[in-house]
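Participant: Produce the entire structure from the sequences given, and follow the hints as far as they go.
Number of protein chains: 2
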Amino acid sequence: MTVELISVGTELLMGNIVNTNAQYLSRKCAELGFSLYFQITVGDNEGRLCEVIETALHRSDIIILTGGLGPTQDDITKESVAKVLKRNLVMDEESKRLIDDYFKFRFQGEKNTIVTENNWKQALKIEDSIVIKNDNGTAPGSIVEINNKSIIILPGPPAEMKPMFEQHIFPYLKKKQNKTFVSKMIKICGIGESRAETDILDLIEKQSNPTIAPYAKNGEVHFRITAAADCEAEAHQLLSPVVNELYQRFGENIYTSIEEETLEEVVAHLLIDKKYTLTTAESCTGGMLTGRIVNIPGVSDILKEGFITYSNEAKMKYLGVKKETLDQYGAVSSQTAQEMALGAAEAAEADAALAITGIAGPDGGTKDKPVGLVYIACNVKGHVTVKECHFKGNRQKVRDQSVIYALDLLRRSLK
Amino acid sequence: MTVELISVGTELLMGNIVNTNAQYLSRKCAELGFSLYFQITVGDNEGRLCEVIETALHRSDIIILTGGLGPTQDDITKESVAKVLKRNLVMDEESKRLIDDYFKFRFQGEKNTIVTENNWKQALKIEDSIVIKNDNGTAPGSIVEINNKSIIILPGPPAEMKPMFEQHIFPYLKKKQNKTFVSKMIKICGIGESRAETDILDLIEKQSNPTIAPYAKNGEVHFRITAAADCEAEAHQLLSPVVNELYQRFGENIYTSIEEETLEEVVAHLLIDKKYTLTTAESCTGGMLTGRIVNIPGVSDILKEGFITYSNEAKMKYLGVKKETLDQYGAVSSQTAQEMALGAAEAAEADAALAITGIAGPDGGTKDKPVGLVYIACNVKGHVTVKECHFKGNRQKVRDQSVIYALDLLRRSLK
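Going line by line, the protein sequences match chains A and B. Mapped onto my numbering, the consecutive letters of the first sequence carry residue numbers 3 to 417. Mapped onto my numbering, the consecutive letters of the second sequence carry residue numbers 3 to 417.
None of these hints come from the bench; they were simulated from the model. Nothing here was measured: the structure is a model prediction, and the numbers come from that model. Glycine is no exception: its CB is placed at the ideal position from the N, C-alpha and C atoms. Hints should not be assumed to be uniformly reliable.
[Said to hold, decoys possible] Distance condition first, Cα-Cα at most 25 Å in a straight line; then the derived DSS-like pairs of lysine-lysine:
| id | chain 1 | residue 1 | chain 2 | residue 2 |
| --- | --- | --- | --- | --- |
| 1 | A | Lys319 | B | Lys324 |
| 2 | B | Lys98 | A | Lys369 |
| 3 | A | Lys219 | B | Lys164 |
| 4 | B | Lys319 | A | Lys383 |
| 5 | B | Lys106 | A | Lys369 |
| 6 | A | Lys219 | B | Lys98 |
| 7 | B | Lys30 | B | Lys178 |
| 8 | B | Lys319 | A | Lys324 |
| 9 | A | Lys219 | A | Lys186 |
| 10 | B | Lys135 | A | Lys371 |
| 11 | A | Lys394 | B | Lys135 |
| 12 | A | Lys394 | B | Lys98 |
| 13 | B | Lys399 | A | Lys164 |
| 14 | B | Lys383 | A | Lys319 |
| 15 | B | Lys178 | A | Lys219 |
| 16 | A | Lys383 | A | Lys276 |
| 17 | A | Lys164 | B | Lys394 |
| 18 | A | Lys371 | B | Lys106 |
| 19 | B | Lys164 | B | Lys151 |
| 20 | A | Lys219 | A | Lys369 |
| 21 | A | Lys277 | A | Lys383 |
| 22 | A | Lys383 | A | Lys324 |
| 23 | A | Lys151 | A | Lys186 |
[Stated by the list, open to error] Per the computed footprint, the stretches of chain B lying under chain A, defined by three or more beta-carbons under 8 Å from a beta-carbon of chain A, are:
| id | region |
| --- | --- |
| 24 | 63-74 |
| 25 | 88-99 |
| 26 | 307-320 |
| 27 | 396-407 |
Facilitator: See below:
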C-alpha cells in the first residue's frame, strides 16, 4: 500500500507556518508499515490542487489531504476532490446539526454567535463519502473510496487533525495492513556518518527485511532497523540478529537502542547507577552543556551546581586554575582543561566533572590555535581524560558539537 | 517567476524530522517576491526523484532541491538532476581539495582520519554547473542553468543549507527579480501572538503594499513588513508610515526592527553602551540563559562568569542566599530570586545580574506553586526588579520561555 500526502494551504507556501502535519502523518504511516513516497504542498488554488490530486490518484493507493476545509471561499479541498472524481457535493444534515451545536456551545452568551452562511459550506459532503466527526472544530473530515483507493480529507489545524486521525483514520488504515512492524533505533556517537555507513555497507546493501535506514544528526548517527512480520514476536526475531551485528561492529560507540533515549539521559542514568554527582566548568559553551543536562527531569539527584568561567579570572577564582598554567599554555589548552575539571570537582565536591575550553570563533583563532579547537576534560573520581577536538562550522555549531563530545566522553569514562 | 521546492530525503518521508528547510526557503522566496506554488518531498529513489524533477521543470522557472548530497550510495540528488538533463558528472578538483582539507583539519592526529571513497562522490559536479562552496560541511551546492530556468541544489542539513542560501543563492535570485522588495522585521517581546495581532487587525485587514505578515516564535512575535517598488528609495517610502504606526502601537515591546538582530544581541549592546558587566544565576534553566548570551561573539567584554546553582546549597554557597529565605519562602520565590540576583552581582563584581528560579516540571509542582511558575530577578546596579511568570508547556518550553523573559526584563531595565 502506498500513501501520498497533500497539504493544502497558502500559509505553508508563504513559509508562515512549518508543516508539522506532514511529519506527524508520515510517522503514523511508517508505524502502520505503509510506503509513503510523496508529500505535496499546494496552495488554495483549484487548478493546481486538482492537478496534484489527479497525479496522486494515478500513482498512490491512499491519499491523505489536510487543510482547506475552512468556511471561506478560499477553502476548496472538498470541492476539488469532488471535481476530480466527478461527484456532487450534498448537504450532510448530521454535520449541519453539529456545527449549529458547536456555535451554540462555544459562544454561549457571547456576541457574534451567529453561524454565518459560510459555515454551512462546511456541512457539505462529497456524495457517497464517509463523514468523520470533528470533536475540536467545525470542519468534518471524510473518507472517499474509489476503485480500491481511499482519499482521506482532514482539517488543517493540528489540534483538530491529530485527534481525528488517532480516533478514526488510524483504525481505518490499520485494517488495510496485515503485517506488523517493529523497529529499533541504534544511536551512535563519536564517529562520523560516512565512516559509520562504510562500516556496515555490506549490511545496508543486502538489507531487505529488516531494513536499515541511517539518519545523521549534529554529531550523532542513528540507524533505524525495521522488521515486518505477521506478528510482533516474529518481527522481534527478525530484528535481533541485525541489532546484535550492529552492536558487534560499533561496540562502545552505540549509546542506546531505545528510540526516546537521549545522550544526556544515558549519561544521567550511568551517574545515577554509580551514585555519582556531576559538576561542570564551561568556558566557550557558556552553560549550554549544563543547560542540556538540566533538561532531564529529576536531575537534581546528580547535579547540584556548575561553573560558567568565561574569563581567566573566573577560572582561577572558582576552579583554582593556576596563573602559571594560563600564562604558559593559555586558556585554551589541555593543561587548563585538566585543571578546570579537577578544580570544579573539588569546589563542588562532586564525583565527576566535565570541563570545556575552546575557540568558538568567529574571532580569536591563531595559526597554532585555530577557531574550532576545543579541549574537553572529563574527571571521574580524580582520573582525568582530556580530548583535543577540531570542529568545523560557525560559532553555534562548534559549541553544539563541543557539548555532544563532552557528554560522550563522560559516557565512555563511566563505562 | 515561479519557484518549486523539492526536499529530498527518506527521513522526511518517515517523519523522523520536520521539514524546516521548506519553511525557511518559502519565506525567503516570499521575501524575494517570487511565487511559490508547489513544495514536494520525495525519498532517495532515482525513479521518483527524476519524475518530480521533470514535472517541476515543466511548470516552474526556478527549482530548489535540498538534501541527498551526502557521501553514501543513498544520496542521489545530483545524479538524478544530471540524468534528467542528460548531462555528465565530472570531478571538481577544487571541491576535492576542500574535502581533503576538511578531513585533515578536523581529525588532526586522530585515528580513522581517512577520507573514505564515498566522500569523493561529493566532489562530483554536474557538467556546466556553478559549484557553491560549503563552509559548514563537505557537500558543495550547485546552480544549473538551462533554457532560462535555474536548478539550485543545496545540502539538506539546515546549518549548511542556510548560510549557503544567504551568501550565494539569495543574491543570485535577487538579480532575477526586477521589482525591488524591501522589508523590515519588527520583533516584539512580552505580549502574546493573538494579542499582538488583535492590536493591529485593522492594518492587517487593509494591507496591500506593504504587506504585513506575522510570525510567532516561542515567546516572541515578529511582523514582517514588505514593500514592493521600482527602486529601493520608493520601497522605503512605502514602508516608513507602516513601521512608524507599529512603533506607535507596540512602543517598548518592540526590541528591534533589524532582521538579523536577536534579543540577546540587543541586550548585549545595551550593556556595552553603558559599559556594564553582567552575570547570571540560573536554577531551572541550568545554564541555558548564559549559553544563549555566550553565542554572541566577543561577549567576554560583558560576561566574565555565571553561576548554575541548582541546589539550595549552591544558592547559599555562591550567591549568599540566606537559609532563612529558602526555609521561609522556598527556592522558587520572589525573595530567593532577588537574593540570587543581588548575590551573583556581588560575587562576580558585575554591574548587572539576571537570576532565574522556577518549577519547570514535569514533577515538583504543588497547588500553590504549580509547574510553570518561574521567578526572574534582574539586578542593575543594585536596583532589583522581580517578575513572576506563569508559563505553559513542557519542561523544555517552560525553560525556553524563562530565558526569553529574563533577557527581555534586562532589556527593559537597561532602557
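Participant: All hints are to be evaluated individually against the structure, with a verdict given for each.
Facilitator: Status of the hints after comparison with the structure:
1. Between the alpha carbons of A/Lys319 and B/Lys324 the distance comes to roughly 22 Å, so the proposed pair stays at or under 25 Å and holds.
2. Proposed proximity of B/Lys98 and A/Lys369 is supported: the alpha carbons are some 23 Å apart, at most 25 Å.
3. Among the hinted pairs, A/Lys219 with B/Lys164 is consistent with the structure: their alpha-carbon atoms are about 16 Å apart, no more than 25 Å.
4. Distance restraint check for B/Lys319 and A/Lys383: the Cα-Cα separation of roughly 22 Å lies within the 25 Å cut-off, and the hinted pair is therefore satisfied.
5. Distance check on the hinted pair: B/Lys106 and A/Lys369 sit about 15 Å apart at the alpha-carbon level, within 25 Å; holds.
6. With a CA separation close to 24 Å, the supplied pair A/Lys219 and B/Lys98 stays within the 25 Å bound.
7. Restraint check for B/Lys30 and B/Lys178: satisfied, since their Cα atoms lie roughly 14 Å apart, inside the 25 Å limit.
8. With a C-alpha separation of about 22 Å, the suggested pair B/Lys319 and A/Lys324 falls inside the 25 Å cut-off, and the hint holds.
9. Using a Cα cut-off of 25 Å, the hinted pair A/Lys219 and A/Lys186 holds, with the two alpha carbons roughly 17 Å apart.
10. Restraint check: the Cα-Cα separation between B/Lys135 and A/Lys371 comes to about 24 Å, which is no more than 25 Å; the hinted pair holds.
11. Note on A/Lys394 and B/Lys135: the hinted pairing holds, with a Cα-Cα distance of about 14 Å set against a maximum of 25 Å.
12. Using a Cα cut-off of 25 Å, the hinted pair A/Lys394 and B/Lys98 holds, with the two alpha carbons roughly 17 Å apart.
13. Taking the CA atoms of B/Lys399 and A/Lys164, the gap is about 21 Å. The hint holds against a cut of 25 Å.
14. For the suggested pair B/Lys383 and A/Lys319, the alpha carbons sit about 22 Å apart, so the restraint of at most 25 Å is met.
15. The straight-line distance between the Cα atoms of B/Lys178 and A/Lys219 is roughly 35 Å, outside the 25 Å bound, and the hint therefore fails.
16. Proposed proximity of A/Lys383 and A/Lys276 is supported: the alpha carbons are some 11 Å apart, at most 25 Å.
17. Taking the CA atoms of A/Lys164 and B/Lys394, the gap is about 20 Å. The hint holds against a cut of 25 Å.
18. The suggested pairing of A/Lys371 with B/Lys106 holds, with an alpha-carbon distance near 15 Å, which does not exceed 25 Å.
19. At most 25 Å may separate the alpha-carbon atoms for a hinted pair to count; B/Lys164 and B/Lys151 meet this at roughly 22 Å.
20. About 30 Å separates the Cα atoms of A/Lys219 and A/Lys369, which puts this hinted pair outside 25 Å; it is violated.
21. Among the hinted pairs, A/Lys277 with A/Lys383 is consistent with the structure: their alpha-carbon atoms are about 12 Å apart, no more than 25 Å.
22. A distance of roughly 21 Å separates the Cα atoms of A/Lys383 and A/Lys324; the hinted pair therefore holds under the 25 Å criterion.
23. For the hint pairing A/Lys151 with A/Lys186, the CA-to-CA distance comes to about 31 Å; that exceeds 25 Å, so the pair is violated.
24. Coverage of the region 63-74 of chain B by chain A holds [criterion: at least 3 residues with CB-CB distance below 8 Å; count 3].
25. Coverage of the region 88-99 of chain B by chain A is violated. Counting CB-CB distances below 8 Å, 0 residues qualify, and the rule asks for three or more.
26. For the region 307-320 of chain B, the assignment as covered by chain A holds, since 11 residues bring a beta-carbon within under 8 Å of that chain's beta-carbons and 3 suffice.
27. Under a criterion of three residues with beta carbons nearer than 8 Å to beta carbons of chain A, the stated coverage of the region 396-407 of chain B is upheld, 3 such residues being counted.
Violation of the numbered hints given earlier is confined to hints 15, 20, 23 and 25; the remaining hints are satisfied by the structure.
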